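So the protein sequences, as listed, match chains A and B. Going by the numbering used here, the final residue of the first sequence carries number 404, and the count climbs one at a time with no gaps. Going by the numbering used here, the final residue of the second sequence carries number 404, and the count climbs one at a time with no gaps.
There may be inaccurate statements among the hints.
Copies of one chain are not kept apart here, so a pair can be met inside one copy or by any two copies together.
[Unchecked claim] Below 20 Å or equal to it, Euclidean Cα-Cα: the simulated DMTMM-like pairs (lysine to aspartate or glutamate) are:
no. : residue 1 : residue 2
1   : K141      : E263
2   : K348      : E34
3   : K328      : E351
4   : K211      : E278
5   : K191      : E39
6   : K191      : D41
7   : K72       : E338
8   : K148      : E351
9   : K254      : E116
10  : K353      : E395
11  : K141      : E194
12  : K142      : E194
13  : K12       : E176
14  : K317      : E188
15  : K170      : E15
Hint data in this document are derived by calculation from the structure and do not stem from the laboratory. If you're wondering where the values come from, they're calculated on a predicted model, not measured in any experiment.
The chain contents come next:
There are 2 protein chains.
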Amino acid sequence: MEVREKGFKMLTPVPEALEMLLKLAEPIGYNQVTVREALGRVLAEDIISERDIPPFNRAAMDGYAVRGEDTFGATQTNQIYFKVIGEVLTGHPEDIEVGRFEAVKITTGSPVPNGADTVVMIEYINELGDEIEVMRVTPPGNNVSLRGEDVKKGQLIIKKSRRINSQEIAMFSALGTGHIKVVRKPEVAVISTGDELIESGKELEAGKIYDVNSFALEALSKEAGCNVDRIGILEDNYATLKETIKALDGYDIILISGATSVGKKDVIPIIVEELGRVYVHGVAMRPGEPLGFGRIGKSIVFMLPGFPVASIVGFETFVRPLIQKLLKTHIKVPYRNIKVRLKRKISSELGRRDFVRMKVTEQKDGYSAEPLRSSGSGIVSSLVRAQGFVIVPENTEGVEQDDVVEVFLFRDIED
Amino acid sequence: MEVREKGFKMLTPVPEALEMLLKLAEPIGYNQVTVREALGRVLAEDIISERDIPPFNRAAMDGYAVRGEDTFGATQTNQIYFKVIGEVLTGHPEDIEVGRFEAVKITTGSPVPNGADTVVMIEYINELGDEIEVMRVTPPGNNVSLRGEDVKKGQLIIKKSRRINSQEIAMFSALGTGHIKVVRKPEVAVISTGDELIESGKELEAGKIYDVNSFALEALSKEAGCNVDRIGILEDNYATLKETIKALDGYDIILISGATSVGKKDVIPIIVEELGRVYVHGVAMRPGEPLGFGRIGKSIVFMLPGFPVASIVGFETFVRPLIQKLLKTHIKVPYRNIKVRLKRKISSELGRRDFVRMKVTEQKDGYSAEPLRSSGSGIVSSLVRAQGFVIVPENTEGVEQDDVVEVFLFRDIED
């Protein structure tokens, strides 16, 4: 192995690296799941209704089904009389034909009987045994949901690629859908490398620190809609790392953090090149410069920086867009984002994309924000002190105080 | 049972009803979980660090640890020589004392040895066997993360009540936390009532429709962070309903939809009053007017309208805030929301809160939106045609065309 200790020869700009990455994404197929299991998944088929909804003319109120024209002229002092010829209870349809000045008692949700075209609300009726007095004009169509008013048979209801929230669950339920096709969840493997890493929950030893990345990348991938196997922490040992990575060939995405830069112990890029191909190594961004990616077999392998903040920014910049491409979602507003007024200027470098963690404060007239002062990419606490980040793009040298910028939020703004 | 068919005597305004509801919320305790299990939960304890992070002065670059003052004057043409007295590899601390013009080779993440206060980057060094040439001034503190720079022992890191996202998982991992206390998930039972209801996936019968609410309310409650048991669909039978509801005494929240208005078959309010107490029945909102709530034992029982849209609006207006109170979150911006320009005016009634489903369209200069035309509370497809809703408050008679209003989004805006 060549000793490579002299820094990156070339840094790829973020847009160029992202374009190369997204070209590597191949379709990942779908699963068949029940509607209840579909929550949070991405729809893999167009949903077309097999029936009219409602499937019949449905009473929208409790009352009496009649012919609307027969009520014309009715008032509180000039009631019109109808003969009650039956009753339809919700869920118990009756085969009744309603003639002129005939009425059928009906409850909300029941099929309006043939002949009738309106429901007079119970509030405007006096019940007199087998007759009723109607005290109000109720034109045809009132208080009736017409068959197919909500959805027509054959209608395209939801296009594929939509993320399934509670509202889509409601729609599938109304359609009577049993199973639907959803995009398969990307399978993700997560590895942290580093002789200095100890697993959270264990005793800390001298010279060691707790591993952050395997847990953080696992959580981010889960939130983004993947199945995740946290392989765990591996030592910086060439042979073991190579063996382990070689065995991960069933995964769509492999996330490896640490040992990915250009130091003597940074063996991951070498291993990826040996087992497959490195496409990008070194990106013009801060934090996250040592980031790279490649492919081994069908797996896309990310080489993420060891420093937690850089690793998470790398995830947001490259891994999340890849996951969204695999899931085939078409999200235009991918994060919760808010406009804020800058309290303090942000300096940046031309040609580099900067991700600046921001402390957001609610003001009377909106939000203001300032970059965190202590924000090296090893400073994990900056992630929980910040509510989100500002992206300073490649073509600017920074943002001035009092400028309005967009903050991409990690989380809700809380008290 | 009294026959009650004449509409609500009194409608409670939303703010008043909500205030009464939230007073019923009692603390629900906590669970002890591993950090990995904590994703998406709400923190039930303040997190105070038991140690300094980093736990030692840590090299932030690969290079040589030296005394910074010894590098003063070094340039590419005027190198300063240092004696190499050892090497520290990441994760393998060595007990070395660095004297004047002595250097220790060091990798990123390793403890900086005693005596040394800076790391000269490998790029600015020529290695000559047991000596090195330093070609650049590197003042004390450069490329070193000082012990406690990220987090100090005893420091309050995250206050309780915060929702745990990936960023918090990263922080817990860095702290070495094994288990943490999270607020117990509210236990929710969901029932749909109605003789006309058939379960999604089964064959549709004449006069019947597919149930929406049990699935939609289950999904909404899950998304809001609850454990949910979908009890299922029950017929409008007083005795069965009463027996079933009585047996749900272990739940924090019981969501019942249908049979909750003031018709003859609307037995739920009667049952809740018999088993406990009804606090509110009938709210000045649209949709959702027949909504009510009460308490049976320790369970808060919601009587939600049968019409799916009304039921979901009822959930958003009352059930979600209750869940957030039980979870003790302090969310100020609870939804993704965007400002839009109204394409068409919205009319409303003074004294009533209206929830209007909106179709949002992206424009060059932002977003515009218009109320859906077909939007009765029985129109389920409006939920998937809309991206969100506008709230028209009690004290206005509507919103004018071209006014800017806030839309609360159900979902990401997609292509």
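Cross-check of the supplied hints:
no., hint, result
1, K141 - E263, "neither (57 Å within a copy, 42 Å between copies)"
2, K348 - E34, "neither (41 Å within a copy, 22 Å between copies)"
3, K328 - E351, "both (11 Å within a copy, 17 Å between copies)"
4, K211 - E278, "neither (25 Å within a copy, 39 Å between copies)"
5, K191 - E39, "between (56 Å within a copy, 13 Å between copies)"
6, K191 - D41, "between (60 Å within a copy, 16 Å between copies)"
7, K72 - E338, "neither (85 Å within a copy, 37 Å between copies)"
8, K148 - E351, "between (38 Å within a copy, 18 Å between copies)"
9, K254 - E116, "between (90 Å within a copy, 17 Å between copies)"
10, K353 - E395, "both (18 Å within a copy, 17 Å between copies)"
11, K141 - E194, "between (67 Å within a copy, 18 Å between copies)"
12, K142 - E194, "between (67 Å within a copy, 16 Å between copies)"
13, K12 - E176, "within (18 Å within a copy, 45 Å between copies)"
14, K317 - E188, "neither (35 Å within a copy, 30 Å between copies)"
15, K170 - E15, "within (18 Å within a copy, 41 Å between copies)"
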